[in-house]
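For the record, the sequence lines run as chains A, B, C, D, E and F.
For the first sequence, numbering that gives the first Met the number 0 assigns the number 296 to the last residue and increments by one with no breaks.
For the second sequence, numbering that gives the first Met the number 0 assigns the number 296 to the last residue and increments by one with no breaks.
For the third sequence, numbering that gives the first Met the number 0 assigns the number 296 to the last residue and increments by one with no breaks.
For the fourth sequence, numbering that gives the first Met the number 0 assigns the number 296 to the last residue and increments by one with no breaks.
For the fifth sequence, numbering that gives the first Met the number 0 assigns the number 296 to the last residue and increments by one with no breaks.
For the sixth sequence, numbering that gives the first Met the number 0 assigns the number 296 to the last residue and increments by one with no breaks.
Among the clues, some could well be false.
Intra- or inter-copy, both count: the list cannot distinguish identical chains.
Derived pair list, reagent style EDC-like, types lysine to aspartate or glutamate, alpha-carbon separation capped at 16 angstroms [claimed, not checked]:
#: 1; residue 1: K7; residue 2: E49
#: 2; residue 1: K141; residue 2: D201
#: 3; residue 1: K7; residue 2: E20
#: 4; residue 1: K29; residue 2: E222
Treat the hints as calculated values from the structure; they're not laboratory data.
Given the structure is predicted, the values throughout are model-derived calculations rather than measurements.
There are 6 protein chains.
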Amino acid sequence: MGAVSEPKPILMLGLPKGSLEESTQSLFAKAGWKITTSSRSYKPVIDDPELDGRFVRAQEVSRYVEHGFFDCGLTGYDWIQENSSDVVEVCDLVYSRASVRKSRWVLCVPEASPIQRPEDLAGKRVATELVNTVKRYFADRKIPIEVEFSWGATEVKVPDLVDAIVDITETGSSLRANKLRIVDTLLETNTKFIANRRSWADPVKRKKIETIALLLRGALEAETKVGLKMNAPKRALDAILQAIPALRNPTISPLSHPDWIALETIIDESVVREILPRLKELGAEGIVEYPLNKVVY
Amino acid sequence: MGAVSEPKPILMLGLPKGSLEESTQSLFAKAGWKITTSSRSYKPVIDDPELDGRFVRAQEVSRYVEHGFFDCGLTGYDWIQENSSDVVEVCDLVYSRASVRKSRWVLCVPEASPIQRPEDLAGKRVATELVNTVKRYFADRKIPIEVEFSWGATEVKVPDLVDAIVDITETGSSLRANKLRIVDTLLETNTKFIANRRSWADPVKRKKIETIALLLRGALEAETKVGLKMNAPKRALDAILQAIPALRNPTISPLSHPDWIALETIIDESVVREILPRLKELGAEGIVEYPLNKVVY
Amino acid sequence: MGAVSEPKPILMLGLPKGSLEESTQSLFAKAGWKITTSSRSYKPVIDDPELDGRFVRAQEVSRYVEHGFFDCGLTGYDWIQENSSDVVEVCDLVYSRASVRKSRWVLCVPEASPIQRPEDLAGKRVATELVNTVKRYFADRKIPIEVEFSWGATEVKVPDLVDAIVDITETGSSLRANKLRIVDTLLETNTKFIANRRSWADPVKRKKIETIALLLRGALEAETKVGLKMNAPKRALDAILQAIPALRNPTISPLSHPDWIALETIIDESVVREILPRLKELGAEGIVEYPLNKVVY
Amino acid sequence: MGAVSEPKPILMLGLPKGSLEESTQSLFAKAGWKITTSSRSYKPVIDDPELDGRFVRAQEVSRYVEHGFFDCGLTGYDWIQENSSDVVEVCDLVYSRASVRKSRWVLCVPEASPIQRPEDLAGKRVATELVNTVKRYFADRKIPIEVEFSWGATEVKVPDLVDAIVDITETGSSLRANKLRIVDTLLETNTKFIANRRSWADPVKRKKIETIALLLRGALEAETKVGLKMNAPKRALDAILQAIPALRNPTISPLSHPDWIALETIIDESVVREILPRLKELGAEGIVEYPLNKVVY
Amino acid sequence: MGAVSEPKPILMLGLPKGSLEESTQSLFAKAGWKITTSSRSYKPVIDDPELDGRFVRAQEVSRYVEHGFFDCGLTGYDWIQENSSDVVEVCDLVYSRASVRKSRWVLCVPEASPIQRPEDLAGKRVATELVNTVKRYFADRKIPIEVEFSWGATEVKVPDLVDAIVDITETGSSLRANKLRIVDTLLETNTKFIANRRSWADPVKRKKIETIALLLRGALEAETKVGLKMNAPKRALDAILQAIPALRNPTISPLSHPDWIALETIIDESVVREILPRLKELGAEGIVEYPLNKVVY
Amino acid sequence: MGAVSEPKPILMLGLPKGSLEESTQSLFAKAGWKITTSSRSYKPVIDDPELDGRFVRAQEVSRYVEHGFFDCGLTGYDWIQENSSDVVEVCDLVYSRASVRKSRWVLCVPEASPIQRPEDLAGKRVATELVNTVKRYFADRKIPIEVEFSWGATEVKVPDLVDAIVDITETGSSLRANKLRIVDTLLETNTKFIANRRSWADPVKRKKIETIALLLRGALEAETKVGLKMNAPKRALDAILQAIPALRNPTISPLSHPDWIALETIIDESVVREILPRLKELGAEGIVEYPLNKVVY
């Protein structure tokens, strides 16, 4: 549609299809890229002529990044390990909120099972989606065991179909609902932004990869931060800054009234409920919290 | 999950189940507490180890706060009255927007009914969910009447099943749709944050209750406020401040250009549409309105 | 409901029903007016006693504005043209984002059709919803053709039912899916805010119309803008301002530390992904992007 | 997909898009043809190599049947009249249930309007989707009036935008909700199966059209009929047949017990609730009602 | 709409609003009455001029039937008991399937509670929706206890808010999910069709009530029955009838082939999976199962 | 819940989770078994004490049937082959409708690819979910190729990520939408009911397996059949039976009128639209089609 020659894309992005698809699009939107998928095509449209991309299953992203079909991509640490993919881990893409636990791949048995340690599984069978990782785990411990690929619904297979499973869990609630007991944790995982080694060595590609990483992280950072501004009597400033370490680096501006100053800072949303009452006690007024789109330190 | 001993909750919160459930969770989220309910359990998870809670029907919150099963809770003024609950009313949780009317419990009859005043109902029957309140209302007026508990759909019961009803209404549109006429208003109501008397007397609990109240109100306040910032020529400042009383207490900062200053303030969203054209006329430039999460004066 | 005499509305607004209805309500909400429609009535409730309104089909708004039943209204440029309505075009209501193409009414034939120019359609039949405009187009070119009103699903009518169609398209994807080829563009269109000529001549009405226009545009403007603030070393200021033209007019405030200054500005969201990495390279710190509700220059 | 030459379709069917689309597919399914539409194409797939078809708006079906683009089609009588289409009306496709009123196009004014008869509208304006029909109606009565095409939501245009409307109604409830009063009925309408005159004259096409008509009507008929079977003592047969005229033509089969016979018949579902208690009183046993797919007398 | 005088309804029906509303409408539809509710009105439309009706809460139906506002109605046995309503129980409306247990109101405590018998609750508190019934239960056993009305979510109140609850359960799965233990069953309940005593004494009303009861039960009966027909060699008939008692009363018809007969009968759907293989072994052929709408013996 | 000892299940059923889950439950329901799954547990409840079951992925059913964890199960022929499972194929579970093509696993390349035959893929890479089957296919043809496991969305991988794919297709429409060309068909597949060899050798288990097979097939058969009954003049019988072979084996019953007979038969629904008009021409009357639940010859 038009004779204008479009610039050739610099990067081919590998994006995870399935459960992470929508959150990936949402994260890129916050970072500044609109990734549109249509029901008629699996090729996303990205509003940046320097970027092209494909959605494939999260399990496969690292394989195709390693092979160079993708210059970079998003996937979980678990699948990088499972595929033994030789890629550059550019950055983590995790929420900084302390209360969010990483997802873990855990070895589980029924609550009532006599199995207490991995060794007790010698000669038994375990089902998992992460076959290579589980085989390595037991081989390292010299425990002979049959590891069987599970196509899904792994948690319902014990004890009828297999003796133990290795499955992923975030809060453990699904395991509890299936009356399973955790014997060991094999792997902690979270989303990573990874790059192909040759693409990373190419200065033009690397610069673009780093720009994307900067903005993805800036958007993620902003999800757990808020802006806070207030007016305070000058004499209260020291008390405020001492009492509230989280405020240690505020922007302080003069106000027209010489005895008052304006403070402005960025803090973790999770501490606002503690800090705000303290600020009021210390004499701050007109305290306002506002939302952020991106935060880059 | 882990041997770390968790701090004992300081407060047990009573939360209203049903029509207010979602908005209550949303309000607490804005205030800074994430209340998660799962379909498998009615016990909410609150991301604050000092808080535990339960969802019960709004009708019952004040009863259990009075008895001390809850230290504090959210419920309507109507049900505090109906239950004659002896509790501390910590604060109102209402939107400050002038145009929003409070909900009212009203005595209604069919449009065509000959009944014009409460007295005309002597010897008749009235259905309501608020039996005690309605009985008191007629007893105070010495009008003999049969008051019958209505399990719901009260507005369709007149004139076939009862002679009048006492039902809740916000805009009156449901009453009009059922061709009902309001004879009298018995009670105005809105959401209250209430506390048990003994909990309120305990300094640790009271401090926590006040913190919650401060942040709930800060979040509610922010829903009807916006931030406004602009640059203005210094010479226009007085005119601006005089012409626009709502701006009377702005943060005024110097700019690099000596003839200009930056103004920033918080105002009611509802007056922006009047103020913004005036500001432009008076010489303000680069006027920007931005959203707020919390406002505490 | 109450004996208080309400002020008489100053303006009657014509609002587009159908596909634009929800986005119109959302745009007015951002501008500061809450337009509520109920399923029981087509008369919207507007929270401004000076405004009344009606939802009619977008095709009819300009007709009723011209006749004076509406003082002003929102509709597309296409339907103003189709109806040859004599109205005041107060302002465009379009997104300023460069990547968004305007919608176009295009003359299309099947990909495999021998028709290459409008002239090739002489003696043929074309279906369209925009009958008058299409007739004028062919009359201007002195091409004899039968133009037939299409009630919808126009794109499936070629080649079985007609030889060509004139239909609206934004990205062309629906045309490509139906294997159609564009022969010519007849009209570009976007949403306009229009006014009746007599209402525009009335100073009171015109002032209110201009206020609405100012705020609608302020809200639209804010959708593609974001606020950006950062701290920077004073010595980097010139480099920053030179390197990044989009930042040319920032609010610059002193900070307590004499070597640092605070910069704040409003920029297009679409350039943030380029500017933010540059700012960091040039020494800016604590870069924060935040969302806006309205922007008025 | 395959070199087998498919038979050329005998008939091109015109099918109504929009509100009738789903019920049309459902009716054809009951009649024995599966019409599949995909989101990727407006061309339906019909599981009969002798049939091809297109979905167009109900308003246009008769026009394209008349022109011969369709051999036959389904549309309303109202649009055949509005388009003055010269087509064969093969059969009605209406439910035989007595309680279902036909849809009517009615001339309406606001309840409070002084207009009582069509004549009172002389010199006024009326809005309608059925412009030609309404013009003819007033011309026949020599009443001068301006008739204006309404793109929809016609019922909300009175009295603000026009003086009267002509709109379609089934039960009148939407008119009452908009506080409109019916002045006159212009047209009753229901779905018709129509054919092109030349197609009807072609024996092969006509035979296929008649087959479709037979099965569509057989399917419609079955929607209001049920099968009823029972055993009865022979001596009660006359009483049963006399008492219940609807049973006058049953299939009567002998049973192994010589004093009893089996009756089986097809009756209107709507009379079962009256007939069944009577049958039991008269001695029938084992009365069973079962559903039907098609009924052809 | 029309001057025809409509017949006065004979009966006023009380219908249960809420969880039973949809299934009640569906049951009446199968029985032969279409009950239509609109979002604009709580008065249902019933396609039988002899019937009028109202939807009220199931808890209130028996009260209004007793008072004579309704001639008859549908409600649960539990609420008839709770209200101590003096009404005629016309018939049960339950599914005959053996595997469906009736709903039960059960006294529950937490699994870990020391309470084992009702006596152990002396001096404690119990919450329930069925206050009168529970008070009677404990009074009969001379156990002093405080019974408190629960507005809902009763199962989450133990042990935090009360010591025990009396709640309704069908399968017990919700109780198990809340880790409750059943101490005793107070009441079994199912849906009843009830009548006012005066209406039942009126021959015209009673006849209509009985007709409705007959058809409601005929429709319910059909939900668990199917029709079965087959051909069988005459010589196998005795073996078939002996082997399969459920077939003991079939309709047997002669066929054109003198050695074969046709059998037809109505049986419980739940036994088909056992009977069908047996029938085939015994020589039956062309065995067909078909669905039923109503069965009246 | 109760001290009654329940019979031990005779069979453990393997049921396919995922895309086939709902249709499997629906098929068993038609056959006479209610399989209930709850969101709280993956163990289905089956209303037959002789049956227990588990839902696992279709890919795994044959593996667990072979190992004896399941006595029998439903899965596709493709996965039996892929797993090289040694199981008894009890019966096919396919719709008999001629127009329904079996699903096929096909080797595909992009439309524009130079690859025309499997041999052209020597040295290339192919992605598939059916790795073993594809490896065998190329090994049999001595074509060296890299076969890579695809986790899904296989059809979007060519040509960017791999050279060819082997994917499943029913109608080919998804392949066409992705602009793929079929090079060869590797496997046709449909659902099979399979059994473990030891279970099949056990007479009690085998009898139960055969009963299930009989009823599943009876239910499937009924989906494409309908019952047809009519009255006909005796003299027309031969003509009817000759003209319409599908009616060759009807049940013929005498009627009370000696010149007429009743015909009843079961025929393919797909031929009704041809047969019904013929029957009417030949003198049949009162032709009725009714639905069936099960058909066992």
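So which hints don't hold here, by number, going up? Of the numbered hints given earlier, those the structure breaks are 2, 3, listed in rising order.
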